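Going line by line, the protein sequences match chains G and X. Residue numbers 1 to 305, in this note's numbering, belong to the letters of the first sequence in order. Residue numbers 1 to 137, in this note's numbering, belong to the letters of the second sequence in order.
For each label pair, taking beta carbons as the anchor points, the in silico distance ranges come out as:
#, chain 1, residue 1, chain 2, residue 2, range
1, X, Ala79, G, Pro288, 39 to 45 Å
2, X, Met16, G, Ile101, 41 to 47 Å
3, G, Val191, X, Leu51, 45 to 51 Å
4, X, Ala80, G, Val90, 57 to 63 Å
One side of the interface only, derived from the structure: several residues of chain G facing chain X at Cβ under 10 Å:
#, residue
5, Val54
6, Gly98
7, Leu137
8, Ile186
9, Glu210
10, Ser219
11, Phe222
12, Phe225
13, Val232
14, Gly256
15, Gly268
Calculated from the structure, these hints are not laboratory results. Treat the numbers as computed from the prediction; the structure is a model and nothing was measured. Even for Gly, the Cβ is constructed at its ideal location relative to N, Cα and C.
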Amino acid sequence: MRLLTAIAVAVLMMPATALASDLDELLADGRDANYSAEQIITCSTPEGAKDSVVRIRQNGGDLYVAASVPSDVEVTSGYGGWTLSLAGSVVASTALDGSGIEAEPRYEVDEGTPAAFLGRRVTLYEMRDGDLLRAHLMFDNEVGALMKAITYSDDGDVYCERRFIAFDPSPPPLSFVRRADAEVVIDEQEVDSSLPEELAGFHRLDEYAEDGLTFAYYSDGFFSFAVFETDVVVDMDQGARVAINDGEYRRAFSPGQVTFVWETRSGGMALIGDLPPDMHEEVLDELPAPGRVGWWGRLWRGLFG
Amino acid sequence: MRHAGENISAYLDGEMRADEVRRFLEHLAGCGRCSAEVTALQGVRSAVRSLPMIELPRGLVPEADSVPTPLRRNRGLIAAVAAAVVAAVIGIAALVTPPPESISLEDLNSRFGARVSLDPAFGPAKVVVPEIVESGR
Numbered sequence: 001m002r003l004l005t006a007i008a009v010a011v012l013m014m015p016a017t018a019l020a021s022d023l024d025e026l027l028a029d030g031r032d033a034n035y036s037a038e039q040i041i042t043c044s045t046p047e048g049a050k051d052s053v054v055r056i057r058q059n060g061g062d063l064y065v066a067a068s069v070p071s072d073v074e075v076t077s078g079y080g081g082w083t084l085s086l087a088g089s090v091v092a093s094t095a096l097d098g099s100g101i102e103a104e105p106r107y108e109v110d111e112g113t114p115a116a117f118l119g120r121r122v123t124l125y126e127m128r129d130g131d132l133l134r135a136h137l138m139f140d141n142e143v144g145a146l147m148k149a150i151t152y153s154d155d156g157d158v159y160c161e162r163r164f165i166a167f168d169p170s171p172p173p174l175s176f177v178r179r180a181d182a183e184v185v186i187d188e189q190e191v192d193s194s195l196p197e198e199l200a201g202f203h204r205l206d207e208y209a210e211d212g213l214t215f216a217y218y219s220d221g222f223f224s225f226a227v228f229e230t231d232v233v234v235d236m237d238q239g240a241r242v243a244i245n246d247g248e249y250r251r252a253f254s255p256g257q258v259t260f261v262w263e264t265r266s267g268g269m270a271l272i273g274d275l276p277p278d279m280h281e282e283v284l285d286e287l288p289a290p291g292r293v294g295w296w297g298r299l300w301r302g303l304f305g
Numbered sequence: 001m002r003h004a005g006e007n008i009s010a011y012l013d014g015e016m017r018a019d020e021v022r023r024f025l026e027h028l029a030g031c032g033r034c035s036a037e038v039t040a041l042q043g044v045r046s047a048v049r050s051l052p053m054i055e056l057p058r059g060l061v062p063e064a065d066s067v068p069t070p071l072r073r074n075r076g077l078i079a080a081v082a083a084a085v086v087a088a089v090i091g092i093a094a095l096v097t098p099p100p101e102s103i104s105l106e107d108l109n110s111r112f113g114a115r116v117s118l119d120p121a122f123g124p125a126k127v128v129v130p131e132i133v134e135s136g137r
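Turn these sequences into a full structure, and let the hints steer you where they fit.
Here's what the structure looks like:
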C-alpha cells in the first residue's frame with residue numbers, strides 16, 4: 001500500500017511538460033526513418049487549391065521525391081544536396097555546405113494519442129504555439145516516419161495536408177547526386193547582411209553569399225523559409241500581383257510552398273518557404289520593402305551601370 | 001542561370017577578348033532568351049545604320065548660308081533641332097539598352113531546397129513539388 005501511495009504521489013508531482021514529447025526528437029526520428037511511400041499533398045491557398053501526388057523514398061536521411069502529378073518531375077535531396085530532374089534530365093542541382101544549426105522550437109507537442117493508419121500503429125500529436133493549434137503530426141510507432149502532417153492557419157483553417165496513401169517500411173537502396181556532381185556548390189559564409197537575426201518569431205540560422213547574391217535561412221523549429229537578396233531582378237512570370245503592407249509583391253503557391261518576389265531599389269528579393277498564409281504579412285513587414293526602379297533609373301543603370 | 005545582360009553590348013561592339021567571346025557564345029547556344037536579345041539588338045543597330053543621311057536645315061549652321069540670317073530668328077529652330085536630337089538619342093538608347101540582368105527562380109529554388117535538406121524537420125513535411133518549373137517548360 002505504501003508503495004502504491006508513493007508511486008501515485010510521484011506521478012502526481014511530475015511536471016506536466018514531462019508527459020509531452022519533444023518535437024525535435026520526433027522530427028529527428030522521422031528524418032532517420034527508412035521507407036518508401038506515396039503521399040498526397042493538398043494545400044488551400046488564397047489562389048485556390050494546390051495539390052500533388054508524390055512517391056517518396058527516404059533512406060539514411062536522403063529523400064527522393066517523384067511527382068505523379070505533375071509527371072516527370074523528380075527531386076533528390078538530402079544533407080545539403082538538391083537535384084531537380086525533368087523527364088530524366090537534370091535541370092538544376094545545388095550542394096550546400098552549411099552548419100545545419102537547429103532552431104529552438106517555438107512549438108510544443110502533447111503526449112500523443114495512439115491510433116491506427118494504413119494498417120500500422122501510429123501516434124497522433126498536436127503541435128501548438130500556446131493556445132494556437134499549428135499542426136497535427138502522425139508518426140509511425142515502429143519506423144518513426146511522419147505519416148501525416150496537417151498544418152493550420154491562425155484562424156483554424158487547414159493550410160496543407162500531407163498524408164501517405166501507401167507505405168512500405170522496406171525501401172530499395174537510393175542513389176543520390178552528391179556534392180561533386182552538383183552544378184552549384186556553396187559554402188556557408190560570414191555575410192555582412194542587412195537581414196535581421198530575428199524575424200517575426202523566426203531565427204536566422206545561417207547565411208550564404210555568392211557573386212551578387214546573398215541568402216539567409218530562417219526557422220522557428222518547424223516552418224522555415226529563405227530570404228534572397230540580389231543585385232539583379234528575379235525572374236518570375238507566374239503567380240499573382242498582391243499588395244501587402246503597401247508594397248507590391250508577386251506571389252505564387254505550389255503544393256507545400258509559397259514564393260514571394262519583389263523589386264527593390266538596389267535589385268531584387270525573394271522569399272521561399274512553407275509558411276501558412278497568416279504569417280506572410282508579419283514576415284514581409286520586417287524585410288526591406290518593395291521599391292520600383294523607374295524608367296529613367298533603368299535607362300541610367302543600363303547605360304552607365 | 002545568369003543571363004548575359006550588358007555583355008551583349010560588349011559582344012556586339014567587339015570589345016570582348018577571344019576567351020570571353022567563346023564563353024559568351026557557349027552561353028548563347030544554351031540560352032534562348034539571350035540569343036533572342038542578341039538578334040533583336042542586332043536588328044535595331046542595323047536599322048539605325050540604314051537611316052538615310054539628311055541635309056541640315058538652312059540656318060542651323062550660319063556660315064553655310066550664302067545670306068546670313070539674323071541670330072534671333074535661328075534660336076527657335078536651333079532649340080527645336082536640339083530637342084529632336086536629344087529625344088532621338090534617348091529613344092535609341094532606350095531601344096538598345098539591354099533589359100536588367102536577372103536570376104531565375106529555379107536557381108533560388110535549388111538553393112532553398114539544398115538548405116532545407118539540412119533542416120531537422122526535413123522529410124515528408126517539407127516535400128515540395130516545384131510546380132513553377134513544370135509550368136515553365
